[in-house]
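Q: In order, the protein sequences belong to chains H, S, X and U. Taking my numbering, the leading residue of the first sequence gets 1, the next gets one more, and so forth. Taking my numbering, the leading residue of the second sequence gets 1, the next gets one more, and so forth. Taking my numbering, the leading residue of the third sequence gets 1, the next gets one more, and so forth. Taking my numbering, the leading residue of the fourth sequence gets 1, the next gets one more, and so forth.
It is worth saying that the hints were derived from the structure and are not from the lab. Keep in mind that this is a model prediction, so the values were computed, not measured. Please note that the accuracy of each hint is not assured.
Since the list gives no way to pick one copy over another, a pair counts as held whenever it fits inside one copy or between any two copies.
[Unchecked claim] List of simulated lysine to aspartate or glutamate pairs, EDC-like, C-alpha gap at most 20 Å:
#, residue 1, residue 2
1, K303, E191
2, K52, E157
3, K52, E199
4, K52, E230
5, K303, E149
6, K52, E299
7, K261, D51
Number of protein chains: 4
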Amino acid sequence: MPRTMSKYIFLAPAPRLVSDIFSEADLLRLRAVGDVVIHEDGPVTETIFEDKAAQAEIIIGQIDLPESRLKRATSLRAVFNVEGNFIPNIDYTYCFRHSIRVLNISPVFAEPVAEAALGMAIDLARGITRSDRHFRQGTEQYGLSANTEAFSLFRQEVGFIGLGDLGRAILPLLRPFGCRIRAYDPWLPAEYIQALGCETASLDDVLQRSRLIFVVAGATSQNQGFLGAEQFSLMQQGAAVVLVSRAAVVDFEAMLDFAAKGHIRFATDVFPQEPLPGSHRARHTDNSILCAHQAGAMETAIKRIGKLVVADAELIARGLPPILCKLAQPETVALFRSKPISKT
Amino acid sequence: MPRTMSKYIFLAPAPRLVSDIFSEADLLRLRAVGDVVIHEDGPVTETIFEDKAAQAEIIIGQIDLPESRLKRATSLRAVFNVEGNFIPNIDYTYCFRHSIRVLNISPVFAEPVAEAALGMAIDLARGITRSDRHFRQGTEQYGLSANTEAFSLFRQEVGFIGLGDLGRAILPLLRPFGCRIRAYDPWLPAEYIQALGCETASLDDVLQRSRLIFVVAGATSQNQGFLGAEQFSLMQQGAAVVLVSRAAVVDFEAMLDFAAKGHIRFATDVFPQEPLPGSHRARHTDNSILCAHQAGAMETAIKRIGKLVVADAELIARGLPPILCKLAQPETVALFRSKPISKT
Amino acid sequence: MPRTMSKYIFLAPAPRLVSDIFSEADLLRLRAVGDVVIHEDGPVTETIFEDKAAQAEIIIGQIDLPESRLKRATSLRAVFNVEGNFIPNIDYTYCFRHSIRVLNISPVFAEPVAEAALGMAIDLARGITRSDRHFRQGTEQYGLSANTEAFSLFRQEVGFIGLGDLGRAILPLLRPFGCRIRAYDPWLPAEYIQALGCETASLDDVLQRSRLIFVVAGATSQNQGFLGAEQFSLMQQGAAVVLVSRAAVVDFEAMLDFAAKGHIRFATDVFPQEPLPGSHRARHTDNSILCAHQAGAMETAIKRIGKLVVADAELIARGLPPILCKLAQPETVALFRSKPISKT
Amino acid sequence: MPRTMSKYIFLAPAPRLVSDIFSEADLLRLRAVGDVVIHEDGPVTETIFEDKAAQAEIIIGQIDLPESRLKRATSLRAVFNVEGNFIPNIDYTYCFRHSIRVLNISPVFAEPVAEAALGMAIDLARGITRSDRHFRQGTEQYGLSANTEAFSLFRQEVGFIGLGDLGRAILPLLRPFGCRIRAYDPWLPAEYIQALGCETASLDDVLQRSRLIFVVAGATSQNQGFLGAEQFSLMQQGAAVVLVSRAAVVDFEAMLDFAAKGHIRFATDVFPQEPLPGSHRARHTDNSILCAHQAGAMETAIKRIGKLVVADAELIARGLPPILCKLAQPETVALFRSKPISKT
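Next up, chain H with everything else stripped away, as it sits in the complex (with noise of 0.2 Å):
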């Protein structure tokens, strides 16, 4: 019996479905890494656990896996969250101690959210989703009379507050522009962020020299609601913010007081509480753009999170690192504070 088909996969994909996530194509190809076991009904319970996922070598799905669980899994080495999160159901302590790879899919939503992010800026910055509602109105105004308070992103200064894996994933879609980029990111140091065409900055350089703003850092423990009145205070009159990682980075009122004012403009993806409540000010407010977490939820972005798995399964099936998925890394798996999301 060939070694690579005597591994066995424990496949949970909770709240997806199979279907959603691997074509036929790759579920046959994950087939051929080896036995599957699929579990798509209800939670996994310690029943099942034992039953099917105790002695997986490869499990797929955010289930709960505290040491208790783990210390059975003898033959376990990978751990694939379909989510795109890492969350904390997991012993990461045991797993990295014991050589259990943990990954999740997120790269795959790095290409659509560059992508509605640059669409975002390029909006903001000439006014697209304003002209089209003066239309509607009849109040637009043409020419050089609608450009008033346009400007361009060519050769803009432009800032980064993060610059991990959806940053760098904006910056070959900005190249084309010649910005001048600048990027805060506490987690990088100056010699990667330079090799990346960027210029290290602090915080406080980045909010007053850009005209526009991506906020792409991820919610962490240590950085909740960080860009609040003192930050959006500031930014040049007229900035531009893109707000494409997790709401709970920026203080949501603050933001609005200064887009209504007219301060600052800015266009999210996101938001505290999702749905928005129907009489939040937010839909009210002049100078926003409001997307609702559209940026990375595409269909083609979830069918892709199967052909990472199944690739990066077949690298560790072979005893190859894996390369595809995002790897938890000791130092900072403890310090994301995404929530679980239903299903995005």
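Use these hints to put chains S, X and U onto chain H, whose structure you have.
A: For chains S, X and U alone, coordinates are given in the frame of chain H:
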């Protein structure tokens, strides 16, 4: 007296003002090329022409230059239209025979229009303006539900109708998306289109095989309304059309029909009539984004006009070929049919 | 009779043969443009001109076209030099006044020459040819010891002397190296040079501040030997010079002197005299790489000549401007001083 | 006492000196991370280890770290090999189980090796070194005659054997040439290779279909001499091979045989034995370019070692994951078989 100081320049930029298009510094540079005679008030009558323009080596502005005037302009070496078009108020044949360069400053608009076109394309593909409208109406859907009709530009099938200066300015912005690009441009050889990284295609091919179509063909005497009902019906269900050149190349009513019934979606920066009548149905048609001839009319672009003109005037004064402005070509100049615009 | 079939084309490509520059397919395309009259044997005498060329609409080849011939060529619309230069055997003024396009096919050489120039530059910087020579002499040094005079192109200070078609073809190849590029080209405005991602600089600045200098200026009546001892002495100790345009622009003996004493190193593809005399000291001078006018003369480039010519001939036959070949400009054509070459 | 000052760092970079790899500024930065204990004279004996290294949080240098030492190193969090390899004198398993990061600085060599590889490739393709040799022998041919065996990289069929860090550093340098690139790398999934703009291919496919082949596979216990006579015979007549990783992956004698008979041409930076014996036939074999292990060993690269180490040490000291150096992976570290090198 140094040769470059002997040039005498007639500057009559109506409908723009000198200060719209020349910075102080650029005007100083122009004065270093030759004596600058400015005419900003009213039309250039025969008397004014005779007094101020007839002996100029360089004329800047879109004044009438029939043979009768050109015959008297025996020192004339170049005419700069500062509006962005070649208009039929010049005897081009006379100019070509007498080595008088006729130029326009359309290159200043390529970057801002390309940027707006990309923004409109991403917006159509990803539903940004639509989502914002839904938020303001309280009808937004989240995540995957917001994206049932969304598509991504990454690796998308994209078509260009026309691949002139404007189309070519869009190409570098699309490059990071890895699109497959088909282009139809009857004025360009296959070798040229391929060297730009595109595939040559028939018009029907572009229409049928593209998910996203940029209409960037200039209006000529030969292509009025060449995109009509028949062409829209060839497009894929859900195809997106971005129109940023001239409204005259499409049958606007047909485009509205196909958007209204959901066969296509479109974004346009131009309209058959501007301002658009208040009651025009375009204001209420779904699947469309309306921009108010604002793609090119950026103050920064207008200010670049002077820079291009003075740089090329310097070259001409030194006996060198101009290189920044757009040069009228004997073969094509008679074909252009852009309306002179009041002030864009 | 369809309009495009009425064109009659005289094809006399000496010193090349038709089959050197036209593939079968390209010749077929040309025959679809018009009747092709080929003359391959011997010079185009008056008799031959009268019989075969006088009524042509398109002449392909570098035959003499003084006013006396042009006056008889009343159908003539375009002349294609298939050698790569504009040579002074044509009455260009007559052509410009009569809207006869004169073109050459120099663009086919831009890519191969740019590639060779980059190879020569890396070779000079990194000591490839020198290392290989040492190996064959048994005197090689390893590792760091091999690299005491090496430098890298990455983020290097690079200078361009001339930024015409050839220089511009090198730029994209250098882009991944992130060089700071200063360019000196008196024919080009600062705005143009900057739009190419370079800085404008004086000649002295380029000489003094560059570690690597590309000499890509064409030879004109104004710049013979303008890079002489004074200019080489301004270069940095250890500067590298890549010469791929024309030997006439440098004082070759001075360049050899400065290489011999180790002040500079150079790579050249061109020589004041070709073949280089057997006893020429260049053959024994250190700090140099010698290439035998081979940068452009690739068979694939020669075969592209026909492709460019036929594509532009098709445009001209359709009343459109040619776009692939290089167009003679009234301002500059008289300045070029390339020697007609036997067969490159 | 601030947390970051409590780190104690053992720095024993033999065979290099501290001043080879750390600039003054970088050493100052390192001292800001923690107390730096330097050992430059002689091996790290048990006594020295016990006295100076055992309690370090960070060890910089490739000292022996068997389990017996690691057990005593209870504060140890990271080990930086400053030579560029992972060598088998560390108990990696122990390190992985105890979250001790083991890193090397191979990324500093990626850029200079990639640059040299491109230079060697263009040189092989265009005959630069060969032409220079002919000039010095008085046997050069000019123009087309010099190029009978030349080919261009533009739009060429290119193969990669291995697509690790080094191969990936070559890719951006090749991008402007528009090559079709096939890559064979059994450690990488197709999705990853395709995302880099390459096609996945079998080894035979790469060998048979490429005109130019980059051999950039690292030497492992599994691939010694895997490119032998059989593989060279599969290559196209006139194919060019660039070898810049490790000589051990090819059968060097077979490569010489195939070059000697003109089936292939090759450029190599590495040899089975260095220095190459004076009488080795490689010194007289045609169709080859020999470089003396000089592709990576640039002084600027060596000086970057300190920059990478200190930047990652700063991150580690702050409890963040290192990001610039190469991290040892449990799955692969045991496979590498690079010989420790005296001093490259």
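Q: Take the hints in turn and mark each one as holding or not.
A: Hint-by-hint comparison with the structure:
Taking the closest pair of Cα atoms, K303 and E191 come within 20 Å of each other only across two copies (14 Å); inside a single copy the shortest separation is 35 Å, beyond that limit. Taking the closest pair of Cα atoms, K52 and E157 never come within 20 Å of each other, the shortest separation being 54 Å inside a single copy and 44 Å across copies. Taking the closest pair of Cα atoms, K52 and E199 never come within 20 Å of each other, the shortest separation being 51 Å inside a single copy and 38 Å across copies. In this assembly of identical chains, K52 and E230 lie within 20 Å of each other by CA distance neither inside one copy nor across copies; the values are 53 Å within and 48 Å between.
In this assembly of identical chains, K303 and E149 lie within 20 Å of each other by CA distance solely across copies; the values are 16 Å between and 40 Å within a copy. In this homomeric assembly, K52 and E299 never come within 20 Å of each other (Cα to Cα): the closest approach is 29 Å inside a single copy and 57 Å across copies. For a Cα distance limit of 20 Å, the shortest separation of K261 from D51 qualifies neither inside one copy, at 60 Å, nor across copies, at 54 Å.
Against the hints set out earlier in the document, violations occur for numbers 2, 3, 4, 6 and 7.
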